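Protein chains: 2
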Amino acid sequence: MDFKSQLLQRKGRVEDNLSIYFKDKSGFQKLLIEAMEYSINAGGKRLRPILLLEVCEMLGGNIDDALPFASAIEMIHTYSLIHDDLPAMDNDDYRRGKPTNHRVYGEGIAILAGDGLLNLAFEIMLEKIYINPHLYERGIKAMHVISRSSGVNGMIGGQVVDLESEGKKVNKELLNFIHLNKTSAMIEASIKAGAIIGRAGKREYRDLENYGKTVGLAFQIIDDILDVVGDETKLGKKIGSDVHNGKSTYPSLYGIEESKKIAFNLLERSMTSLDGFGKEADFLRELVEFLKVREY
Amino acid sequence: MDFKSQLLQRKGRVEDNLSIYFKDKSGFQKLLIEAMEYSINAGGKRLRPILLLEVCEMLGGNIDDALPFASAIEMIHTYSLIHDDLPAMDNDDYRRGKPTNHRVYGEGIAILAGDGLLNLAFEIMLEKIYINPHLYERGIKAMHVISRSSGVNGMIGGQVVDLESEGKKVNKELLNFIHLNKTSAMIEASIKAGAIIGRAGKREYRDLENYGKTVGLAFQIIDDILDVVGDETKLGKKIGSDVHNGKSTYPSLYGIEESKKIAFNLLERSMTSLDGFGKEADFLRELVEFLKVREY
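Going down the list, the protein sequences come from chains A and B. Residues 423 to 718 in the working numbering are what the first sequence lists, from first letter to last. Residues 423 to 718 in the working numbering are what the second sequence lists, from first letter to last.
Calculated directly from the structure, the hints in this document are not laboratory data. Please read all numbers here as calculations on a predicted model, not as lab measurements. Incorrect hints may appear among the rest.
Where chain A lies over chain B, by a calculated footprint (3+ residues, C-beta under 8 Å) [said to hold, decoys possible]:
1) 533 to 540
2) 568 to 578
Which bits of chain B does chain A cover? Going by a derived footprint, with three or more residues having C-beta under 8 Å, they are [claimed, not checked]:
3) 443 to 452
4) 581 to 592
Idealized CB from N, CA, C, for every residue including glycine.
Could you put together the complete structure from these sequences and hints?
Set out below in structure tokens:
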């Protein structure tokens with residue numbers, strides 16, 4: 423099977439699991455569940471949950487144990503997009519070619535749908551651990567990593583600095599803080615959580631952590647580059663939004679060519695961090711190759 | 423010591439613990455931490471964390487084990503108020519006599535401060551359990567209860583139905599759904615979490631659960647009544663906001679006198695549910711008496 427088919431197959435597995443949590447619409451809060459499901463189903467690469475499951479599986483871990491953690495990370499990612507798109511934040515009308523949550527459900531429901539997804543993420547992880555005592559220790563460790571990475575010293579911290587910096591020229595240190603926290607933190611957390619559930623050894627864990635750090639940052643830099651030179655049809659969104667929102671990015675600070683070099687360098691390092699693994703890490707390697715040629 | 427002094431002393435203990443989590447403002451996300459701390463420090467009765475600690479203590483449990491759970495519940499309560507006050511929701515400019523979070527920090531930061539508090543709540547509970555393996559089982563059970571009560575089948579579910587129902591006449595069933603979820607759920611969860619950390623027996627747990635359910639609903643009904651007939655100076659907020667926001671309440675559906683009767687009846691039942699306990703439950707009993715005479 424080629425890499426794209428493998429990616430699609432893994433995406434399907436994530437989406438099947440995600441759908442379970444939005445089936446029950448029998449309560450008075452039906453509209454809330456619909457709004458949450460709308461954004462969960464609005465597409466997306468499912469990169470984070472795919473990475474979590476992949477890492478767990480390549481270590482010989484049990485996919486069933488890992489699935490709720492993968493879905494939880496996608497819920498956290500999705501809630502952050504719903505809140506990010508709000509008029510008080512990036513004020514985006516479309517995401518992935520579809521109207522954003524608040525454009526469909528109104529701002530109040532969109533805020534609550536985001537809150538609901540963040541809360542549900544913890545709920546489904548806790549539910550899994552609660553009924554599977556063999557997961558107590560690993561589950562707590564994985565949730566601990568995820569909660570730190572999604573919080574004020576991770577994703578939310580990055581978002582607030584990103585918001586504060588709009589229209590201002592930021593320096594390289596601050597831009598790195600934003601990227602490392604806003605995007606990389608949750609990508610790295612996905613890999614670490616998968617490693618924990620898959621019972622990684624100390625060295626495996628460290629190597630995978632390095633892989634996550636470098637891939638996560640490279641991913642964001644490539645995203646910045648595509649927002650300048652990407653193909654709108656392939657991307658499914660308008661380019662130029664960073665410039666429009668007055669955001670400092672890698673291309674705006676380093677230029678396109680230098681940004682590409684930095685991203686490719688990071689991807690090289692992520693490749694090296696997999697040297698201790700055999701064939702079982704081939705999917706992670708191919709992902710790096712895939713990022714290199716992404717929609718240019 | 424009289425009840426009010428006991429209440430104050432317990433409030434101090436909660437606030438001392440809460441302050442720990444907002445000390446570090448050395449990072450780039452300083453403004454976010456400030457915004458979160460602003461609303462945490464904006465006053466409040468601290469009813470939920472006080473109940474959690476009290477229940478744990480009366481069962482002979484360890485207060486140190488319970489403190490992060492108490493602070494977490496106050497963080498969840500506070501985030502829900504920040505988001506509730508936003509223009510897209512209740513659009514309130516003042517809470518407890520102080521400007522609401524978005525009036526001070528702007529809507530974008532207020533949304534993120536709320537997100538940050540919800541996330542931090544789970545973070546601090548997980549941190550506590552992570553470094554104290556003797557808390558694995560009880561910690562997971564307590565977090566499980568809290569996460570369910572704060573989520574789409576609890577507090578957030580109640581909020582969304584409340585928001586949808588503004589300006590509409592709701593029936594008694596729907597009003598009960600809103601109250602039981604929006605307010606009672608987290609009060610009940612505080613008591614249950616305290617019971618779990620304090621190693622309550624089955625029967626103790628059931629009795630305390632009943633106490634939480636009845637006190638929680640009575641508390642909300644009394645709040646509704648005070649919004650009609652309360653003393654603004656004593657309450658620290660404007661009365662009449664429910665009518666202003668077109669909200670159905672107990673007084674609007676049942677009238678003041680009947681609402682009082684229902685609330686007092688619930689408080690009688692909460693008193694009865696403590697019959698199996700001795701003197702150690704006196705604080706919980708006095709709290710019921712206190713609610714009966716609250717600011718009328």
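Stated coverage of the region 533 to 540 of chain B by chain A [criterion: 3+ residues, CB within 8 Å]
holds (count 6)
Mind checking, does the region 568 to 578 of chain B have 3 or more residues with a CB under 8 Å from chain A?
holds (count 7)
Counting residues of the region 443 to 452 of chain B that have a beta-carbon nearer than 8 Å to any beta-carbon of chain A, does the count reach 3?
This one holds; 3 residues, not fewer than the three required, reach chain A with a Cβ under 8 Å.
Quick check: the region 581 to 592 of chain B, covered by chain A? Criterion 3+ residues, Cβ under 8 Å.
holds (count 5)
Of the hints listed earlier, there is not a single one the structure fails to meet.
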